[in-house]
Amino acid sequence: MTEIRSEPFVVNIGPQHPSTHGVFRIKATVDGERVIDAEMVMGYLHRSIEKLAEERTYTQNIPFTDRTDYLSSMSNNLGYCLAVEKLAGIEVPPRGNAIRVIMAELQRLASHCMAIGAFANDTGAWQTPVMWTFRERERILDLFEMTSGARLTCNYMRIGGVAFDLPKDFVPACRKVIERFPAFIDELHGLLSENEIFIARTKGIGVITAEQAINASLSGPMLRGSGVAWDIRKADPYCGYEQYDFDIPVGENGDSYDRFIVRLEEMRQSVRIIEQALDGLPGGPFRTEVPLALRPPKGEAYARVEGPRGELGYYVVSDGGPSPFRFHIRPPSFINLSLLKEMTVGGTVADAIVVLGSIDIVVGEIDR
Amino acid sequence: MIEGTGPALAFWGLSALTLVSAGGVIVSRNLFHAVLFLVLAFIGIAGFFLLLSAEFLAMAQIVIYVGAIAVLMLYAIVLTPRAGRDNRETWMAVPALFVAVGLAAVLLFAIHDTDWAKSARAYVLSAGELGRELLGTWVLPFQLASVLLTAALVGAVMLVRSPEEERKEEEE
Amino acid sequence: MAATRWWSGHELAKLAQELVPGSVERADDVAAYFRAETLVETMRALRDSDDGDFVYLINLCAADYWSRFEVVYHIASLQKNHAAVAKVEVFDRENPVVPSVVPVWYGAWMQECEAYDLFGIRFEGHPKLYRILLWEGFPGWPLRKDFLSLPGGIQPGLNEFSGTARREPPPVRYVE
Amino acid sequence: MIWLPFLVSEHWWDLRDLGNLSREILELIERGLGSEVAYIVSPLIGFVASFLLFVLPTQLYLGVYGERRLIGRMQSRLGPNRVGKFGLLQPIADAIKLIQKEAITPRGADRWVMWTAPVVFVAPAVLVWAVIPFGPNMVIADLPTGLVYYLAVAALPVLAAFMAGWSSNNKYSLFGAMRVVAMAISYEVALVLALLGVVLFTQTLSLQEIILWQRDLDIWLVFLQPLAFIIYFISASAELNRTPTDIAEAESEIVAGYLTEYSGMKWGLFYGMDIGYAIAAAAFGSTVFLGGWSFFGLEEWVPPWLILIVKTQLFYFVFIWTRGTLPRLRIDQLMGLAWKYLLPLAAVNLLVVAAERLWWKEAELGDGIVYLFAAINIVLAVVLLVGWARALGYRPERVRTRPRLVKEPLGYVPADSSAGGGQ
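Residue numbers (our numbering), protein chains in the order written: chain A, 1 to 368; chain B, 1001 to 1172; chain C, 2001 to 2176; chain D, 3001 to 3423.
Hints should not be assumed to be uniformly reliable.
[Stated by the list, open to error] With a cut-off of at most 27 Å between alpha-carbon atoms, the simulated BS3-like pairs for lysine-lysine come out as follows:
#1 C:K2014 / A:K86
#2 C:K2087 / A:K27
#3 C:K2014 / A:K341
#4 C:K2014 / A:K51
#5 A:K86 / C:K2128
#6 D:K3340 / A:K203
#7 A:K51 / C:K2080
#8 D:K3407 / C:K2080
#9 D:K3085 / D:K3101
#10 A:K298 / C:K2014
#11 C:K2128 / C:K2087
#12 D:K3340 / B:K1168
#13 A:K203 / D:K3085
#14 D:K3085 / D:K3097
#15 A:K341 / D:K3101
#16 A:K27 / D:K3171
#17 C:K2128 / A:K298
Calculated from the structure, these hints are not laboratory results.
Only a predicted model underlies this, so the values are computations on that prediction, with no experimental measurement involved.
Excised from the complex, chain A in its bound form (with noise of 0.2 Å):
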């Protein structure tokens, strides 16, 4: 019988693409619809960061941590601030710690509704949850705003607590926002997660066992979703999230459908916590002071955050001097594509566009 023999065919799945959530690209070789083989390309947002921050001292490398991920600049300026108060000894008082935990939760619902908003289109439902996302999202940026007087690039946190105190509106403001966003993620857990054809899509798509997810190192929604119950907020607390009540969602096959659900899941647990620390709010100082050219002990630290794409870890390495001798960054998004190749090989273009959706990169940290 003669067979039928069909050459596979590269397609680049490219740095300009509607779906790769920034400038990252996929060498897909493609057998019909078929994926044979997926290769990575990167780095067409690499900025050394790493080098430059060993050039300014501790308090002007800041705004870099916010370039980073621009979509959690919050997250990434307090997973620095704790590495260099690790570093240096230095204590943050109970109002900076609270108003820490408060901003962290607001950047991961702002974050979340970013991703799901982008997953579901890129499965195809015609902007409409991106809109209904972003239409929430907006909300949290003019709480932002308020306080640090920027949106997406906060450089709100300095070491020792916080750069500004919260205005006298911001309390009532930020409660009117989280009153709202139980009823918003039911709205959308009705039109997503029960919609079949959302299921039929996402159902089964990129299929991560537990075993090979901690092997991978993988973390955040990626490690929940498959069924590891491991959140750096409950095993590593910082910033006394010890205080605070809240769950941890666990899917359970690792495939896009139980990212999916676990990040929706975790906004509710977000406004849970936002709740509590704006109820427990703590007067007194929220910053101590701390010498501009910082010259923190010869040493290294490593510090860890759970930001909304895993855990987000700053090693300081310092020399006595005003500017860290090494700063490196552990970027959850790159971390999170070691497996991309195994997802997607043996899927269709349209199963790699979901499994890519559903890891939810940032170019910006996978190529600092």
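Chain A is fixed; fit chains B, C and D onto it per the hints.
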């Protein structure tokens, strides 16, 4: 044939279109253009059916030939590796010319020789009668054709089965 | 919900010494320095041991201390919620080679590619080592201390660790 | 022509039936300029009447403007309201913008085929309207095989899309072209079988007679043939590449499918006529299934062509609605849906309709039996749809839509053991 100046104009126009596109099929270098000219020829023939007021036949012609067969031919061309390259002059052209001229002669003789039974009244065949005719007197060829098509379908599926499925069959 | 317990270097060194004798060079209170030859074996032993259970590689990065390169491994256990820091030192600056831990933790492959790309440290045993962030023809390894510092910034690391005198810029030629 | 007694007056000013108006004009020309001129002018009047008066405004304003406003409202945003009052001039502004945009032909593209593809795409979009009846005697060409004519003309845009995809020398457009053809072929089979069910009842292929049949028996075929209507709706939305089956121009996967390399008015034609086909399918659907210009007797007072336009727009609204909310299916799921789900349903539906028809004619039952058939068919449709879906292994209730909530970070805990506050 409906009388009147309009249909006459239409007839000459359509025949010109069909002949030109048939010529185009042979002459065009690019295989893809050849198939497109063929589609144009099919549409021309459908126009002839309309002129003979056999609407159902014209519509069937477009649905079957343009809608299915031409599209499958396009698929075949797209999937074969050397599609789109020009079909070079092959030495086969000379004998092909003789065969073509011979065939044309036979056809012209046949057309000239038979006296076309000019039926008295303009016999308009409606789709309903066509259906009854097809399943009435001509039911045997109709069934044979359907059996043939099913066999072709099964053959096509067997042909395209990927090697793994074949191996799986051998193991069972 | 106690916080993660960070092991001290000595504790990790003691455990590693028990599992694979002769694998530890030295240890200080932050990290344990392993020997490069038996690195993969020790890491696998640490991962599979019961009281160690370091199944999760948090972070892998390199650092350039002028006289030597250091590859830092932060490893952790999820079940026992403790973590430790292991390091490997390489003194050869022309052709630094470190065994790759990808057979132990698959998640290390991208971080090792990045270390190779920015520091020039070859990881032997790595499935596909290539410059992941920069393009193939990039001259030099950007994160090394002797790579031309960007104009206008403070000279990096001219403080306590600085051993050599003024550096000359690397041959900047862009290969088309 | 069928002269129906319901028309109160034959005069041309009676705008309920524009047929009188065109007859008046044709008679005027006949007397003035001779019959050949009238022979040429009559199709022109038909074209002007149907296309420019009914289709283009509804298509432009419903399709381009209406759709963008409606989808805007679905997405809690306003939609175009800047150009002109309430944004009404937006389609014209788009057209002008597209006309003055450069229509790029990429190097290595097949120039001739790329430029003729929009033409082959637009021509059938205009031809489709020749068959749709707007009123008792307001139809350009009342072909006795109107239904098959629609199917024939609906096959041409698939060819045009393939030409566009193949000729623009771009990997994504090749993907788009392959997908368009694969989908069109498999959904046309289901479409034809569904329409066959309708024809079995009405015993005629001409659209005008189908409407009259529905009018005389005072029942719409959507109640008589719910299964055929659902299959028609799904197949029509698949043929037209509208979400949830718009995989030919799936923006998130293959950039813009076969339209990737198109720009300027070339793209504009494709975009405009896409909406033209969608409205044509909506008009055809409402003619065959929703009783065309008849509305249980209302058409004697309300102009019949107005009823048809309202029904088309409601039908089109459903297309907009699905486009606004549903995500896209994958190509192999779509193929599976066509061959494994719609085709058997259409075949069973054909069987049932044939049996009913036979029983109806053999036992000479009165026309009232039609309502009994409608009831049977609706119940049968629901049973078949759900039953066949479950037979194909579709169990929606097994999917856990909420993750397990855990209090303690314990690393990997298999789901069955109840750890922490798992639901």
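Hints and how they fare:
1. C:K2014 / A:K86: holds (26 Å)
2. C:K2087 / A:K27: It is violated: about 35 Å lies between the C-alpha atoms, which goes past 27 Å.
3. C:K2014 / A:K341: Violated, at roughly 38 Å.
4. C:K2014 / A:K51: Outside the cut-off at roughly 35 Å; violated.
5. A:K86 / C:K2128: Answer violated: A:K86 to C:K2128 is near 36 Å, above 27 Å.
6. D:K3340 / A:K203: holds (20 Å)
7. A:K51 / C:K2080: Distance of about 35 Å is beyond 27 Å: violated.
8. D:K3407 / C:K2080: holds (16 Å)
9. D:K3085 / D:K3101: Since the Cα atoms of D:K3085 and D:K3101 sit roughly 25 Å apart, the hinted pair holds (cutoff 27 Å).
10. A:K298 / C:K2014: holds (25 Å)
11. C:K2128 / C:K2087: holds (23 Å)
12. D:K3340 / B:K1168: Answer holds: D:K3340 to B:K1168 is near 23 Å, not above 27 Å.
13. A:K203 / D:K3085: Not OK: A:K203 and D:K3085 at ~46 Å, beyond 27 Å, violated.
14. D:K3085 / D:K3097: holds (19 Å)
15. A:K341 / D:K3101: violated (40 Å)
16. A:K27 / D:K3171: Roughly 13 Å separates the two Cα atoms, so the pair holds.
17. C:K2128 / A:K298: It is violated: about 36 Å lies between the C-alpha atoms, which goes past 27 Å.
Hint violations for this structure: numbers 2, 3, 4, 5, 7, 13, 15 and 17, all remaining hints satisfied.
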